[in-house]
Amino acid sequence: MSFLRAFGSCLPDRVVTNDELAPLLAIEPDWIFSQSGIRERRYASPTDSVATLGHKAALDCLHKASLEPEDLALVLVASGSPDRFCPGPASSIAALLGLPLTPSLDLPLASAGSIAALSLASRLAPSMGHILVIGSEIMSRRIDPLPENRNTAILFGDGAGAAIVSPDTGFARIADSCLHTDGNSADALSVQNDRIHMDGSVIIRHATRRMPQAMAELLERNHLTAESIGTFLLHQANVNLIIRIAQTLKAPIERFFANIQRYGNTSSASMLIAADEWRQAHPEPLAAPIMFSAFGVGLNWGAVLALPGAEHRPETLGQTFEATRERLRQLEEKAAAKLRPRTAAAG
Amino acid sequence: MDRQSGILKVLQAVAGKTITPAPDESLFTSGLLDSFALTDFVTGIEAEFSVSIPDSDFSARKFDSITKVQQYLDARAK
Chain E
1 MSFLRAFGSC
11 LPDRVVTNDE
21 LAPLLAIEPD
31 WIFSQSGIRE
41 RRYASPTDSV
51 ATLGHKAALD
61 CLHKASLEPE
71 DLALVLVASG
81 SPDRFCPGPA
91 SSIAALLGLP
101 LTPSLDLPLA
111 SAGSIAALSL
121 ASRLAPSMGH
131 ILVIGSEIMS
141 RRIDPLPENR
151 NTAILFGDGA
161 GAAIVSPDTG
171 FARIADSCLH
181 TDGNSADALS
191 VQNDRIHMDG
201 SVIIRHATRR
211 MPQAMAELLE
221 RNHLTAESIG
231 TFLLHQANVN
241 LIIRIAQTLK
251 APIERFFANI
261 QRYGNTSSAS
271 MLIAADEWRQ
281 AHPEPLAAPI
291 MFSAFGVGLN
301 WGAVLALPGA
311 EHRPETLGQT
321 FEATRERLRQ
331 LEEKAAAKLR
341 PRTAAAG
Chain G
1001 MDRQSGILKV
1011 LQAVAGKTIT
1021 PAPDESLFTS
1031 GLLDSFALTD
1041 FVTGIEAEFS
1051 VSIPDSDFSA
1061 RKFDSITKVQ
1071 QYLDARAK
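If you're matching them up, the sequences are chains E and G in order.
If you use our numbering, the first sequence corresponds to residues 1 to 347, in order.
If you use our numbering, the second sequence corresponds to residues 1001 to 1078, in order.
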């Protein structure tokens, strides 16, 4: 099993409002809001890097998880706006964390990277240990604020989010996940020559269908309904997209957490920044399932389902049942052995 | 109902009002469609004409005017 243990985030200080951006794009501030639901976004300072923002989000997340960097078994970093083409920011963030040996891998999937990393982490944590997932982006360096680029320039902002997936304890159990890729429309969303290119119509067409499909896939597989999901934490791409997805799933829009109004679309960082804000506002034990979903370059998309569940820290269980950790392991093995013949017969 | 009337019917349903753009008028430049409305428009065209439009055919360029949509449907019918 794997558990969501904590989230973290880092937002640059500089606030860029629609009033500041609109004249550069020869549009009205209200037009930006009507098209995207965004009122302001954050831009990194010249001294910030994708690695330093990611590092700060990682420290925030580790603090909330009561873990030290050396407790980590793996670091996964999603970014579509790395400081250099290769290597990506993962190794730099690991170095900033003081980790000279811990494997640290990049997922260069703008917007979709965090959902991919979260899904992979949920499958790797049981065998590896605590996994730090980071989404870090400085998208403001991938856009030109010119009238001909207004469709992308109005959307993007900078920031970093983080999550820790643990094998033994957390506030929610990751029950299932799915990832999908369709490369046939890869050119519709790309970062080339340091600039983001987006065919908005194609991306909206795909995102409005693919994200609900991914979430429906998990709901069906786990015998749940959209109505039973307490909170949807989606990639913060566009408020109108979130509304459209809520309508498709027939789920109340109030259950879709949104902070895009204040941060814009921070690509791979957005879902984890949203998750961190949501968790800070709701620190109580989880009462209902949460659903993550994102869509981005590739085209890649996916979803992750997490359920309320008691924490399964071996030390806590051991105290409850007055058993040593080794005794718990033996009992677990014994139970698994009993189940094996039934599973074989069923197959 | 001819194709042009069917296309206009879908367009009006998406716009939520009675509109009569010229056959060659750009639906995007004129502000009648945006990225979200185009998705609804193409879905409506699929239903109205009982066709399945593959993702690879989906682009604002192909559905930018009533004439272009008509040409696309004509080509599909061949």
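Treat the hints as calculated values from the structure; they're not laboratory data.
Some hints could be false.
[Said to hold, decoys possible] Listed below are several chain E residues computed to face chain G (Cβ distance under 8 Å; list not exhaustive):
#1 HIS197
#2 ASP199
#3 ARG205
#4 ASN240
[Stated by the list, open to error] Pulled from the structure, derived: some chain E residues nowhere near chain G, Cβ distances all over 12 Å:
#5 MET1
#6 PRO29
#7 GLN35
#8 GLU40
#9 ASP48
#10 GLU68
#11 ASP71
#12 PHE85
#13 ASP182
#14 ALA188
#15 ARG195
#16 HIS206
#17 THR208
#18 ASN238
#19 GLU277
#20 ALA281
[Unchecked claim] Distance windows between CB atoms, simulated:
#21 E/PRO103 x G/ILE1019: 27 to 37 Å
#22 E/PRO147 x G/ILE1019: 24 to 34 Å
#23 E/ASP194 x G/ALA1015: 34 to 44 Å
#24 G/ASP1040 x E/LEU146: 23 to 33 Å
#25 G/SER1030 x E/GLU254: 34 to 44 Å
#26 G/PRO1054 x E/ASP71: 19 to 29 Å
#27 G/ARG1061 x E/ASP71: 49 to 59 Å
#28 G/ALA1047 x E/HIS223: 41 to 51 Å
Glycine included, every Cβ here is placed at the ideal spot set by N, Cα and C.
Status of the hints after comparison with the structure:
1. With its C-beta approaching chain G no nearer than about 14 Å, E/HIS197 sits outside the 8 Å limit, and its interface hint is violated.
2. The beta carbon of E/ASP199 is positioned within 8 Å of a beta carbon in chain G (closest approach about 7 Å), and the interface hint is therefore held.
3. A distance limit of 8 Å between C-beta atoms decides the matter here; for E/ARG205 the minimum to chain G is near 5 Å, and the interface restraint holds.
4. Restraint check, E/ASN240 versus chain G: the minimum CB separation of about 6 Å is within 8 Å; hint holds.
5. At roughly 36 Å, the least C-beta separation between E/MET1 and chain G is larger than 12 Å, which holds for a residue marked as non-interface.
6. E/PRO29, annotated as away from the interface, keeps every beta carbon of chain G farther than 12 Å; the closest lies near 18 Å.
7. At roughly 7 Å, the least C-beta separation between E/GLN35 and chain G is not larger than 12 Å, which violates its mark as non-interface.
8. For E/GLU40, the condition that its CB be more than 12 Å from all CB atoms of chain G holds, with the nearest at approximately 22 Å.
9. E/ASP48, annotated as away from the interface, keeps every beta carbon of chain G farther than 12 Å; the closest lies near 31 Å.
10. Separation of E/GLU68 from chain G is adequate, the least Cβ-Cβ distance of about 45 Å exceeding the 12 Å criterion.
11. Non-interface status of E/ASP71 relative to chain G is upheld: no Cβ of that chain comes within 12 Å, the nearest being about 44 Å off.
12. Every beta carbon of chain G lies more than 12 Å from that of E/PHE85, the smallest distance being close to 29 Å; the non-interface claim holds.
13. Its closest Cβ contact with chain G, about 8 Å, brings E/ASP182 to no more than 12 Å, contrary to its assignment away from the interface.
14. The claim that E/ALA188 is not at the interface with chain G is violated, since a C-beta of that chain comes within 12 Å of its own (minimum 9 Å).
15. For E/ARG195, the shortest C-beta to C-beta distance to chain G comes to about 19 Å, beyond the 12 Å cut-off, and the non-interface label holds.
16. For E/HIS206, the requirement that its beta carbon stay farther than 12 Å from each beta carbon of chain G is not met, with the minimum near 7 Å.
17. Listed as outside the interface, E/THR208 is inconsistent with that label: its C-beta sits roughly 6 Å from the nearest C-beta of chain G, within the 12 Å cut-off.
18. A beta-carbon of chain G comes within 12 Å of the beta-carbon of E/ASN238; the shortest separation is about 9 Å.
19. Separation of E/GLU277 from chain G is adequate, the least Cβ-Cβ distance of about 26 Å exceeding the 12 Å criterion.
20. Under the 12 Å C-beta cut-off, the non-interface status given to E/ALA281 relative to chain G holds; the minimum distance is some 29 Å.
21. Evaluation of the 27 to 37 Å hint for E/PRO103 and G/ILE1019 yields a failure: the beta carbon distance comes to about 58 Å.
22. At about 27 Å, the CB distance of E/PRO147 to G/ILE1019 agrees with the hint of 24 to 34 Å.
23. A hinted range of 34 to 44 Å holds for the C-beta pair E/ASP194 and G/ALA1015, which are about 38 Å apart.
24. At about 30 Å, the beta-carbon gap between G/ASP1040 and E/LEU146 stays in the expected band of 23 to 33 Å.
25. The supplied range of 34 to 44 Å is met by G/SER1030 and E/GLU254, whose beta-carbon atoms lie about 35 Å from each other.
26. Checked against the hint of 19 to 29 Å, the C-beta distance between G/PRO1054 and E/ASP71 comes to roughly 48 Å, which is inconsistent with it.
27. At roughly 52 Å, the beta carbons of G/ARG1061 and E/ASP71 sit within the given window of 49 to 59 Å.
28. Our hint of 41 to 51 Å for G/ALA1047 and E/HIS223 is violated, since their Cβ atoms are close to 31 Å apart.
Checked against the numbered hints listed earlier, the structure breaks hints 1, 7, 13, 14, 16, 17, 18, 21, 26, 28; every other hint is satisfied.
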